[in-house]
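Novice: The listed protein sequences correspond, in order, to chains D and H. Residue 443 in this note's numbering sits at position 443 of the first sequence; the count goes up by one each step and never skips. Here this note's numbering = 1-based position in the second sequence + 1000.
Simulated from the structure, these hints should not be mistaken for lab results. Please note that the accuracy of each hint is not assured.
[Said to hold, decoys possible] If you want the footprint, here are the derived chain D segments under chain H, 3+ residues with CB under 8 Å:
id, region
1, 280-288
2, 355-364
3, 517-527
4, 595-605
5, 629-642
[Stated by the list, open to error] DEER-style ranges, computed between Cβ atoms:
id, chain 1, residue 1, chain 2, residue 2, range
6, D, G580, H, G1314, 33 to 43 Å
7, D, G580, H, E1040, 54 to 64 Å
8, H, I1576, D, G580, 33 to 43 Å
[What the hints assert, rightly or not] With a Cα cut of at most 20 Å, we get these calculated PhoX-like pairs of lysine-lysine:
id, chain 1, residue 1, chain 2, residue 2
9, D, K632, H, K1195
10, H, K1195, H, K1545
11, H, K1354, H, K1620
12, D, K195, D, K632
13, H, K1632, D, K195
14, H, K1632, H, K1354
15, D, K626, D, K195
16, H, K1632, H, K1616
17, H, K1620, D, K632
Beta carbons are placed, not taken as given, at the ideal position from N, Cα and C, and that holds for glycine.
Listed below, chain by chain, are the residues.
There are 2 protein chains.
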Amino acid sequence: MSILHVAPVLGVLGLLVAWMIYVIIKRQPAGNSVMQEIAEAIYRGAMVFLRREYLVLTGFVVVVGALLAYALGRWTLLAFISGALCSMLAGFFGMKAATRANVRTTEAARSSGQDKALMIAFGGGSVMGLCVASLGLLGLGLFFLLLHEVFGGDLSRAVILNGFAMGASSIALFARVGGGIYTKAADVGADLVGKVEAGIPEDDPRNPAVTADLVGDNVGDTAGMGADIFESYVGSIVATVAIAATGNLGGAERAPAMLLPLLIASAGLVASVLGIGSLKFLTRLGPAAALRIMPLLSAALMLGATWWVVGSMGVSIGGRPTMGVFWAVASGGIAGILIGLLTEYFTSAEPMLKIARASETGAATNIIIGTAVGMQSTALPVLAICAAIYAAHEAAGLYGIGISAVGMLATVGVTMSVDGYGPIADNAGGISEMSNLGPETRRITDGLDSLGNTTAAIGKGFAIGSAALTALALFSAYTSSIGLGEDGLDVTRPEVVIGVLIGGMLPFLLASMAISAVGRAARAMVEEVRRQFREIKGLLEGTAKPDSERCIDISAQAALREMVLPGMTALFAPVIVGWGLGPEALGGMLVGATVCGVLMALFMANSGGAWDNAKKYIEKGNLGGKGSDAHKAAVVGDTVGDPFKDTAGPAMNILIKLMSVVSLVIAPLLR
Amino acid sequence: MSILHVAPVLGVLGLLVAWMIYVIIKRQPAGNSVMQEIAEAIYRGAMVFLRREYLVLTGFVVVVGALLAYALGRWTLLAFISGALCSMLAGFFGMKAATRANVRTTEAARSSGQDKALMIAFGGGSVMGLCVASLGLLGLGLFFLLLHEVFGGDLSRAVILNGFAMGASSIALFARVGGGIYTKAADVGADLVGKVEAGIPEDDPRNPAVTADLVGDNVGDTAGMGADIFESYVGSIVATVAIAATGNLGGAERAPAMLLPLLIASAGLVASVLGIGSLKFLTRLGPAAALRIMPLLSAALMLGATWWVVGSMGVSIGGRPTMGVFWAVASGGIAGILIGLLTEYFTSAEPMLKIARASETGAATNIIIGTAVGMQSTALPVLAICAAIYAAHEAAGLYGIGISAVGMLATVGVTMSVDGYGPIADNAGGISEMSNLGPETRRITDGLDSLGNTTAAIGKGFAIGSAALTALALFSAYTSSIGLGEDGLDVTRPEVVIGVLIGGMLPFLLASMAISAVGRAARAMVEEVRRQFREIKGLLEGTAKPDSERCIDISAQAALREMVLPGMTALFAPVIVGWGLGPEALGGMLVGATVCGVLMALFMANSGGAWDNAKKYIEKGNLGGKGSDAHKAAVVGDTVGDPFKDTAGPAMNILIKLMSVVSLVIAPLLR
């Protein structure tokens, strides 16, 4: 067994661990018949949507794959399909676990208490986390082996790996945008009629859109988020390999430099498993502390291993001392943590309180201040990214920028697990509300849910930060591939400036598409819920059942229909600009898109998160509490924030990565 | 008299025409005593604010001027002070005319009918338009003469002109941001309490904040807009001169290339005066057509003159055939018109109707769709700017980009006149409402006001487009000045990427500051208006008078206090990045700021304009009309849009120009 076998073997082992966790969760009691029925409806809804979504995507993969095979050969095709398949599998496994864990979390909260419930919810999330990391390592590891066995390590063939990243990116775009539209159409629709018009509480079983809303949490926050992070994970590794393969390194350094990202990611997977395993001990510090310390612990382990690997491999990048690579990895890891914490601050501390207080003068001031907070929140994360780039480049040149993204993402197994915990806890709360469990159970699930909101906010910040660094790494790989030489990418040239302008405009256009899609779908949902309240006799009195299936169908159809246009835009924009205006304009476009995409993502995610928490803060009884005018204003802000933070915002992450990957893939054709 | 005397002589003549128009307006009847009293209060409020603002700015000019004198010598200081002074004078003259024309427009509507009222309102606006163009020509023309007389045409001394542009920019920033905060604090405050809480109509004399609102129209839309356009006008000329002086042109071509922008601007001023003079004939086609055709007429005249000048001067740029310069000028002129029309479409056609319809499902959907429309509206204007850059560069190289901005701005005399008409018509409507004039008068002033909204929307689009092209021209001048040589500004280098990221973040940060400032000031205004309604007996019954002075003072103080931080940020960011990270990072920062700034400006201006018009559309009786739930939702959107379109959005224009100018000025110190 050579060093090349490390990644695929660890990938298989990681999948085994995930499978064991899944089996253990499935064995837990699933509660009474009402709970099981609700859970079954969520499970079925989620799986039906995933099947339909994957059916559409298969058609898409076949078409794009044929084009790729024609233009770049069958190996790139194989890599593209593998990348897409791994992404789909990660989404499928993760969602299966999440939709099994949700009701079991509720049941544990009812019969065993908080610690057990936390373990199950987190366990469910960890299946997603481990699958993302393991499938990434397995897939990329196998292609590394393939490069070695079939092509005898011919470096020029490393471009095949770009196809793998493109496969992952393509699925991610549709999964994120489709999932985002699904979940927010249901959420906004349910809230507008249920909470605002009919005056019934959130997650009330009488509301026909509530099941769709719970399905949406899985479709958007589990499958969508998983595909997003999978893309970053794969993208960062592939970008670093591409920089090593094509960049300005001495020939002798190439092979270890290409292998290193995979080894660091392998170390990260082991560190993640250890971190996840430590939950039992960490829960003694309380759930919040446990979920906060665990990623730090894994990051520390990963960095320790990286120090050892970098030292013992004796890699030398651009003639610099080897340990520079370690510092680049560390800069990415630290920046990721920092951005997460900054996101938490803006969505839950003083800025959030400002929004809550502004609600007292009405919906308009709530929106005005929420927008201002979101815009303001972009500054420090951007500076953190700048600091990481600067440090990484100082430490290890262009290669350092790639490997620092790997450093941020290596422990994805654990960060994604914490992330995946959120929607399960959210679902568990919804199920306990819908099946009318007692206040004690509800208190536990509410607590877990509230913790899930914090982890979700941190996770969103992390997703944006990692997307930014990955996109910049991919951009570096792209410019490295098109062989700009000494001139570089001169932004004083008009075609580059035009590229930057067009690139900057695309995030705005895509955000507009995503937000409009939610608006349209939510409108259809509102009309359906109103119709059911009107036509189904006894529904509001609780004597008749709502037709949840119809609502699930509306969300699913809207998601599948509306994800196509933004998806195609992101996919074809680089192709059109690359061929129409040339590879340098395309480089400019990537810069513009990355900058505006990151800023818009931060703005929308943080505004949305802060509006959400401001509403929750008032609902806890502050500033007049539920039913007050301030609360009504805060509900408007929360509703506006929904498509911001869960549809358009996350779509930015994918947009910038997908466009960079597509550019990297077509780079050989543009030279 | 040499060709160098053309610009200053025309500048003086233009000022004379403006003065004549002012005298004619002042001679018109000013209505009954109630009207005169209201007008006097507006006049006094506006003048007091301007005096206080200019006092603050004088202090600022002295401090920055001292730094400039120390670093760059006394000639740059002189230019800086002259630029600042010309900008202040243009604002002062324009506002004086506007605050005299408003009540006379109302009186003309009452006693003479629509045509006379239109003539007076437009005449008032044309004083601003002519002062902007004439003072720009006069100031720059005199410095050209100075360069020739004192330094014998030593081209290296042309950098002195940059100081003039920086003076104009500095005043513009504070005037725009301060004016924007002033007007929106009053507007939002008046609406939140008056319309929403007390249920009294807009511009009702019982509302203590209404006079402040009317003062705000002058302070923000007249003085602020004038300073903004003056900055673009001066900036585009100075940038083109700087490109000609430092760029890669053959030595023999320099002198005519440096003179040309001034000559084109001179032709534009003459064309503007002719356009303004043609109003009497054009009104036969109706007011809307008149104001729409006039700028086109002037642009055509200016282009004809440019064709002749370029041909007869025999300029040759970079060895290309001379007529290329003409096409570059034309590309800018056409792009400016296109962007204006696109702005009108998004704020008043189908996209606006979508927002109006979304209001039926509440404030949240109104905001969601409004945001989506604003983001979507960025695409086509950006493509228009790209097309202009491309065409200009194809036609005349880097110099073409500068001269195309001049082409867009040469007929500023007439475009700014049309723009300046808006707030006067708005004020005239407010005065007729406050003095309880009959429905017939109100019908005329409403019609003129509504036309003013259209011209304001077009004007905003034009301001953004011209800011974009000017900023790009200044950016080109900057990169040309720091002497990058063959390498260009390589955006694959990390310090440049960091610059782009920081630059991209600044518009978000500044927008956040501006929006928060309005939020805070509006809150103070709301509390004051509530207090007066509560404490002044008989106020709501109409038997007691409100204390308007207090409200005017709140707006003024807030504006002066809140304009400092964003102003300083914009001013010092280039200095800090330039020294801290180097001239190339600063170049990157300008690119990032320009792209994000233009996009944010378009997004916020068009969302805001569309929300405003959606509300007006409902108020005309559509979708339930005034008082319906849809109307309430639309009022929320309009209130959110106020700081978007009138404070934060316009601040973007200045931000990108000011940062570019500052960079250009400090460029010699960074080399």
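Novice: Taking the numbered hints from earlier one at a time, note which ones the structure violates and give those numbers from smallest to largest.
Specialist: 1 and 17
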